[in-house]
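J.: In the order they appear, the protein sequences are chains A and B.
For the first sequence, the numbering used here gives the first residue as 1, with consecutive numbering after it.
For the second sequence, the numbering used here gives the first residue as 1, with consecutive numbering after it.
Hint data in this document are derived by calculation from the structure and do not stem from the laboratory.
Glycine included, every Cβ here is placed at the ideal spot set by N, Cα and C.
Residues from chain A that face chain B, not an exhaustive set, calculated with beta carbons under 10 Å:
no., residue
1, Pro4
2, Ile5
3, Asn10
4, Glu12
5, Asp14
6, Asp18
7, Arg19
8, Glu25
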Amino acid sequence: MTRPIIRIHNTETDEIIDREMNDQEFAQYELDQAAFVAEQKQEQAKATAKSKLLDKLGITAEEAVLLLS
Amino acid sequence: MAKQTFTTGQVLTAAQMTSLQQTAMLGGAASAKTASYTLVAADAGTAISMSNASATTITVNTALFAAGDVVNITNLGAGTCTITAGTATVNTAASLALAQYESGVLEFISTSSAVFVKSAGASANSMTLLSTTTLSGTSTTISSISQDYTNLAIYISAPLYSAAAALRVKLYNNNNSKTSGVFGSTAASISSGYIDFANTTTQADTITSWLELKQYTTNNIGIAGGHYGGTTALSSVFAGADSGGGVNGMTSIVVTTVAGTSTFSSGTCRIYGVK
Numbered sequence: 001m002t003r004p005i006i007r008i009h010n011t012e013t014d015e016i017i018d019r020e021m022n023d024q025e026f027a028q029y030e031l032d033q034a035a036f037v038a039e040q041k042q043e044q045a046k047a048t049a050k051s052k053l054l055d056k057l058g059i060t061a062e063e064a065v066l067l068l069s
Numbered sequence: 001m002a003k004q005t006f007t008t009g010q011v012l013t014a015a016q017m018t019s020l021q022q023t024a025m026l027g028g029a030a031s032a033k034t035a036s037y038t039l040v041a042a043d044a045g046t047a048i049s050m051s052n053a054s055a056t057t058i059t060v061n062t063a064l065f066a067a068g069d070v071v072n073i074t075n076l077g078a079g080t081c082t083i084t085a086g087t088a089t090v091n092t093a094a095s096l097a098l099a100q101y102e103s104g105v106l107e108f109i110s111t112s113s114a115v116f117v118k119s120a121g122a123s124a125n126s127m128t129l130l131s132t133t134t135l136s137g138t139s140t141t142i143s144s145i146s147q148d149y150t151n152l153a154i155y156i157s158a159p160l161y162s163a164a165a166a167l168r169v170k171l172y173n174n175n176n177s178k179t180s181g182v183f184g185s186t187a188a189s190i191s192s193g194y195i196d197f198a199n200t201t202t203q204a205d206t207i208t209s210w211l212e213l214k215q216y217t218t219n220n221i222g223i224a225g226g227h228y229g230g231t232t233a234l235s236s237v238f239a240g241a242d243s244g245g246g247v248n249g250m251t252s253i254v255v256t257t258v259a260g261t262s263t264f265s266s267g268t269c270r271i272y273g274v275k
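Work out the full structure, taking the sequences as your base and the hints as a guide.
T.: Below you can see the structure in the form of structure tokens.
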């Protein structure tokens, strides 16, 4: 399986290299991916919980804002 | 080539012609000095370079040069090199002091008087384009960023990523350490070693994200930034600091996205150094 390609521009030599991620970069890439997925899930869970609460109360999000204002 | 008095019938050598050509084109090898120096008549029409870590002087005396003679002077050293009037008069509209890598031309208007014309160089608050990089790949790293400036201004124009995602910038030093300070705002966040912009990278109109990094060569980088776009109502500013000192002497940045998948199809990152 090929790894993602990254670009590196050395401003001192003006050399540009396009290559596959090395082991360290790929490990960090996978960590970032995992963190992103976890964050997405957390946000999704929050949205679902909020929606369920509004359903139980029988009000819309706008009405909840009005009640709290 | 030093100033000569040519005589009728004199045959010029190829080396002399080459040297004359260099001088005519304001080039030629410089006479390297490493200590304070007093100009001599043979310096007319030549270039002089000074290199010393401490302050030095170049002294100008009278009765050595004729009207129209010029001497190019460049300071390569860390110590300031000052053009000093000895027995001659030296006037200037700028400064007689040359900081490192500054240069100027001493133009004689008589045997006893010269004008020093200092070349325009980087001065306080000036901005210099350090690099222009076309974004490509899953991420684009811009490395070996000059440490010769006080602040950096970074502009990322029209980044297009194949999957919708917020733009992310990471700051690194030579030891591969990232920013560790924490800051959050409604439009962007600076945390855990990265700065996120709220705009996505697949919007059709041109969006520019910008960052200003104050004192980026230190361990306490000030960070300000934001983004703005064409027809989309996107505009925000944020500010923070890498107070954790994670980056001591930032040397590279990585432009990527929060999602981190797919690749950039276009976009440009420009970095400016600010004195």
